Amino acid sequence: MTDVAWLLPALPALAALVGLFAGTRTPGGPAVPAIAGSVGAFVVALLVLAAAEGSPGRVHESAVTWAPIGGRTLHVGTRVDGLVAVVAVMVCVVALLVQVYSTAYMAGDPRYSTYAAEVSLFTAAMLLVVVASNLFELLVGWELMGLCSYLLIGHYWQTEGARAAAVKAFVTTRFGDAAFLVGILVLGVHTGSFDIGRVLAVAHHDNVVTVGVLLLLGGVVGKSAQFPLHVWLPDAMAGPTPISALIHAATMVAAGIFVVARLYPLFLAAPVALTVLGVIACITMLGAALVALAEDDLKRVLAWSTVSQLAYMAGGLAVRGWTAGVYHLLTHAAFKALLFLAAGSVLRTVGTNLMSQMGGLRRSMPVTFATAVVGAAALAGLPPFAGAFSKDGVLDAAHERGGALGTAVYVVGLATVAVTAAYVTRLVVRTFLGDYRGTGDEARPRLHESPLVMTAPLVVLAAAAVLLGLPVLPHSYGVARWLAAPAGTAALHVGVGGVALSTALVVLAAATVYVLWRRDPAADPLAVLGPVRRPLAAAFGVDAFYDRVVVRPLHALAALVLRVDDGGIDATVEGSGATASGLGAALRRVQNGNVQAYASGLVLAVVALVIGVSLAVAR
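FYI, in the numbering used here the residues of the sequence shown are 22 to 640.
These are computed hints drawn from the structure, not numbers from a lab.
Since the structure is predicted, the reported quantities are computational estimates derived from the model, not experimental observations.
Glycine included, every Cβ here is placed at the ideal spot set by N, Cα and C.
Hints are not guaranteed to be accurate.
What the hints assert, rightly or not - Simulated restraints, written as ranges between beta carbons of each label pair:
id : residue 1 : residue 2 : range
1  : Glu181    : Arg79     : 49 to 57 Å
2  : Gln612    : Ile590    : 43 to 51 Å
3  : Ser83     : Leu575    : 39 to 47 Å
4  : Arg573    : Arg467    : 37 to 45 Å
5  : Ala71     : Arg539    : 49 to 57 Å
6  : Gly78     : Pro249    : 31 to 39 Å
7  : His469    : Pro556    : 53 to 61 Å
8  : Ala71     : Val563    : 42 to 50 Å
9  : Thr428    : Gly49     : 50 to 58 Å
Take the sequences, apply the hints, and build the full model.
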């Protein structure tokens, strides 16, 4: 297993290089190296998973000495266990489907070659985070993902929205990444090594470890778009829709949750960090779900949904439901990638992101409709779809944990179940049911199902959203049998009572929205919220607050620095030049080549000197 694990990031990285420098000259076009790299990584991931199946609970590590750093020896290699193997398969599957889907979705794009190469590099960066054996090696993949997200979100750089969204994502996540880097340094220096295995083995409960883990948590909050650094993710929808699927399902935002799961013994050694993570999760999961109720933009509804579902995972990890949190990470990858690619299929046909201009698409887009309903049911948590069991696993872990934190995660999680079902139902009825509300009857001939290369990935992901929920062993669900949970964590448990309660909330919320929609299919069923929608539509004013407190003061400071630079530093430099030019001009007049003038000047100087000396002596 360790002999081939390094190929996981290497193959997509090689595909990125080939695609970037020779993509247009490659036989078959730039899609060939992009898809080939994803297929190769997927095959390697399956081999790694097969090896993990044969040795459950074991950690396979292979590393080479790279260089000394800060009195420590830096090693580079791979560290593979069941968690790594399962997440690697998840990343490779979604990346491959996105690459295939993009061949049709991005057809005709003049920068498709660059786009495909950047997607490959994005995949390689995430896989490097997954298999890294060293914290600095992990940091390289972590930062590469930030760069790739900036490039891909800003793919349509000719539009102001895409440029602003790319910068916002890059800058916002940098705040968290700065803390993440310092956390790595603190832990590495304190434990005497940056190797993940050594750090996990040596770290124990003390103040230094707590500080280091809290700093790591800052990076996790930024990457996984949790409060208060969540504001970048909805705006990231300015990028191409396949990239939205990749970011939301398998890379970038998933990286933060994965890092918590990967370094979980550190978090167990710093229970304060778990408490902070739980509080953040409670705020984020319900707050983001409520905002999704008021959005009209289809992609932004799904974006806020991602923020909320990531908080579910964080909440599960906070209450020591490690297996449940990881399980929800995997099921979310399937149904969220499905929903985003289905949204891309819809947007490509109707030409708008606004649900108010959709409707009636189930007749013209039957495959997209059917698969989107599967994804919506999984997101809402309706059995037998995977999301129902992974959510209930998180809720059960919170209930078992008890205490203030466990109770808060459980109660907020149940409330979020109902809100999620409401916005999911609203999404389905506004997009697919009723009559088409687009630009008029002349637009109807454009409504048609997407090509097979786009619908086939939808079918695959819909199947995954179902299969991941099927019980494989009596005591676990789906992929849980590959996951060796750290000591001190709760086992995955999905009880009939918990599923029944969640299902009742889902059915009640969905039925309420459906009844409201039936009263006036052309109107928004949640218009009944009235003035309550205003703060929801404004996302509780967090963006506006940051604009007043951070953005505007920084702009004012930048303007002040510019004025000081122009009126002070530049003026001084330019004034020095002007003074030197003036003195040169004056000297040039003296140096005129007239011998009589030189002699007169000499006589006057001598006379002045004599007079000065005489006056001095007379005193």
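Consistency of the hints with the structure:
| no. | hint | verdict |
| --- | --- | --- |
| 1 | Glu181 with Arg79: 49 to 57 Å | holds, 52 Å |
| 2 | Gln612 with Ile590: 43 to 51 Å | violated, 33 Å |
| 3 | Ser83 with Leu575: 39 to 47 Å | holds, 45 Å |
| 4 | Arg573 with Arg467: 37 to 45 Å | holds, 43 Å |
| 5 | Ala71 with Arg539: 49 to 57 Å | holds, 50 Å |
| 6 | Gly78 with Pro249: 31 to 39 Å | holds, 38 Å |
| 7 | His469 with Pro556: 53 to 61 Å | violated, 39 Å |
| 8 | Ala71 with Val563: 42 to 50 Å | holds, 45 Å |
| 9 | Thr428 with Gly49: 50 to 58 Å | holds, 57 Å |
The structure is inconsistent with the numbered hints 2 and 7, although it conforms to all the rest.
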